[in-house]
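Asks: Residues per chain, in single letters:
Number of protein chains: 2
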Amino acid sequence: MTKPLRIGLAGLGTVGGGVGKILEQQGDRLASLAGRPIVISAVSARDRSKDRGFDQSAAVWFDDPIAMAGQADIDVFVELMGGADGPAKVAVEAALAAGRHVVTANKALVAHHGANLAAIAEQSGAALNYEAAVAGGIPIIKAMREGLVANSIHSVAGILNGTCNYILTEMEATGADFSDVLGDAQKLGYAEADPSFDVGGIDAAHKLAILASIAFGTRVDFGSVYVEGIEAIGIDDIHFAAEFGYRVKLLGITTLNDKGLVEQRVHPALVPLTSPLAAVSGVTNAVSVEGSSVGNVVLEGPGAGEGPTASAVIADLVDIARGIVFPPFGLPHSALSAPRSADMADHSGSYYLHVKAADRAGSMAEITKALADAGVSIEQIVQHPDRGQGGEWLPVVLLTHETREATMQKALSLLEEHADVVSAPVVIRIEDR
Amino acid sequence: MTKPLRIGLAGLGTVGGGVGKILEQQGDRLASLAGRPIVISAVSARDRSKDRGFDQSAAVWFDDPIAMAGQADIDVFVELMGGADGPAKVAVEAALAAGRHVVTANKALVAHHGANLAAIAEQSGAALNYEAAVAGGIPIIKAMREGLVANSIHSVAGILNGTCNYILTEMEATGADFSDVLGDAQKLGYAEADPSFDVGGIDAAHKLAILASIAFGTRVDFGSVYVEGIEAIGIDDIHFAAEFGYRVKLLGITTLNDKGLVEQRVHPALVPLTSPLAAVSGVTNAVSVEGSSVGNVVLEGPGAGEGPTASAVIADLVDIARGIVFPPFGLPHSALSAPRSADMADHSGSYYLHVKAADRAGSMAEITKALADAGVSIEQIVQHPDRGQGGEWLPVVLLTHETREATMQKALSLLEEHADVVSAPVVIRIEDR
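Quick mapping for you: the protein sequence lines, in order, are chains A and B. With numbering that gives the first Met the number 0 as the guide, the letters of the first sequence map in order to residues 0 to 432. With numbering that gives the first Met the number 0 as the guide, the letters of the second sequence map in order to residues 0 to 432.
FYI, nobody ran anything at the bench for these hints, they're computed from the structure. Treat the hints with caution; some may be incorrect.
In silico DMTMM-like cross-links for lysine to aspartate or glutamate, where the CA-CA straight-line distance does not exceed 25 Å [stated by the list, open to error]:
1) A/Lys2 to B/Glu121
2) B/Lys20 to B/Asp72
3) B/Lys2 to A/Glu121
4) B/Lys20 to A/Asp257
Using the sequences and the hints, build the whole thing.
Replies: Structure follows, in structure tokens:
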């Protein structure tokens, strides 16, 4: 057995504790699989006295994670502090610059600074592994960077945020509205006190930007991700969608458009009830990859939590222990192309539209005419008088034929000002995948 | 760019042609990802004159794949001939013994001789990669050997044969019976002229034995797999199962029983309609892995065909080009334990039982008494007079509480001899996963 892989663990919260526990409990098996033991040589956290559920007595304590990253006698810096900037970024940069490998679960860091970090890593020959940053315990980074390497990727679509998927699943199951289910999710610990990063789609967008970089060989480009959250989805939308044979999911989607530009978008979407993504319920995550040779492959599993996230961190560590060091995004940094981002206005697809129409004869004709004037062609349209307020308004729900996003947005502004439209319409893109 | 990885391709059928085409079309991208080009230096097949869809002019031709494996100027021997024994085995042994890496799609070879081949590979330092042998384009070997390495595996359950899954899906969709759907599947090319390897469960058993070895660190033990096919499943069983909230799937399942022994079994199973495996339709494969830290992860995708299988072969080649050589089953061969196989009689679970009972007063009481006498406890029981032949027999369908397999088999022999039972009962194990 060769010499141990020495790691420095920065951040001893839930995931850090999980990593420590797995290394303690599975150490012998992992050493046999990796060809060498993996030992925690150094640790850094806010509170030294707290019990983390594993024995840290052999590890050198650092008050400052940045000092640990740059100076400790370690081979790998494991960053589990979080935050796109601040100490996490400084420490990771210091570790990589010093030629120390980095394993991180920090999606915000990789989404915002991945390209720059990859350049530093490449220069020093260090690994930058971040399996835990995307879809928790699902080995999607490995699958895309290695397992599906034969494929030109056409698209990646995923349920990348467990909080949103839990809320949408519960809304459908219980008939409760968004805000009630969010409140319950907060009580159960499935949503943060400030849920905006999750329900607003930012967390999913971080993960999507990372997946897009691997899929299309471009430098990570979080700034170009189009983001919509699930706050506007009502319980009626979930029911109306089901009547059309669809389920509402928050998806992150990246694809090449017909001009060879990369679409990156996070938004609620209608997926067919028969699709694999429709069957993914609760806090589970799933990623569907469409490749030139393989067709469609879907990976599904727990997207967060101590065990799943620690599982991904350990896999990254075992790779390093086995001597495997890849360019962080598959291609060498110099071979990654500059972001070539599609304009959301050029997106083309079908749309679900839910309009509260004035309850008077002719209002539906007015609305369909407004849509036709804007260039939107309707595939199906249904009135739901039972879900409205008789004499005041009634819901009109329709699916469009394929439409450009710009056309749809123009139609929406017409509708919003229309005398027969009572409040802002709900629009959800349809994804037949 | 370092020197190319030279491969020798033995077998130029569908998959071999697919590998050649991908290397031709994606060669530059793959070279950038692998750090070196992958070139076909030698080929061997039955017919030299046939067009395989890619340029072989730079490759040395061998009439004899065994000579190619042992003598050609190659780094990797790619075995796509098939067959558990014969030339495929001899050639792979020759290549490994000579220190040449091997990539194979041959599930029968790995299931029957994997342990011995791993020993030879370990001695010479060669890789033995077989991602394409299990579940086609799904990177399940990589996921289990690397991505989920942190986990003690509790169980692996999968839809491992696309032919069977297609037949069961079509039976449910069309209401046709097994033999009719099989005939259609043969016409469509989804089933072989001699379908017994597929519908009899042998093909799935090959794949399961391989997965069990990686999951539990044991030497591959195909001989101990319990195998039942789908031939006895009737269209009524599919309907009755649905009424109980289940769908019939052919599953391969490997798990540790409470004595630490490895169960390996392939048989039709009732899975809850809400489970991820129930949603897998048509020729798609899926594998569900339950690990100590990650919980449940499911990988789903095309299990066969030119593109998916070639995709897996290429991924194995890129790993080798990148310098990655693992012990074939994760642990070093010397660390794999001897098979410690559970006796199927010790299996414990719930059962679905479909009995044609004589259509006379008291026959149901007789049958339930016979089951009670044998020690089988009934959870639900339903008569379906509409699906029987009035005056002669009627179907009685029941679900049992947890029962030992040996008890169930005893009960079955009692029933088969029972005067009130018209023909051999259909028994399907229930898997709540």
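Asks: Confirm or reject each hint.
Replies: Taking the hints in turn, this is what the structure says about them:
1. A/Lys2 to B/Glu121: holds, 21 Å
2. B/Lys20 to B/Asp72: With a Cα-Cα distance of about 22 Å, the restraint between B/Lys20 and B/Asp72 holds, given a limit of 25 Å.
3. B/Lys2 to A/Glu121: This hinted pair holds, its Cα atoms lying about 21 Å apart.
4. B/Lys20 to A/Asp257: OK: B/Lys20 and A/Asp257 at ~24 Å, within 25 Å.
Every hint from the earlier list agrees with this structure, and none is contradicted.
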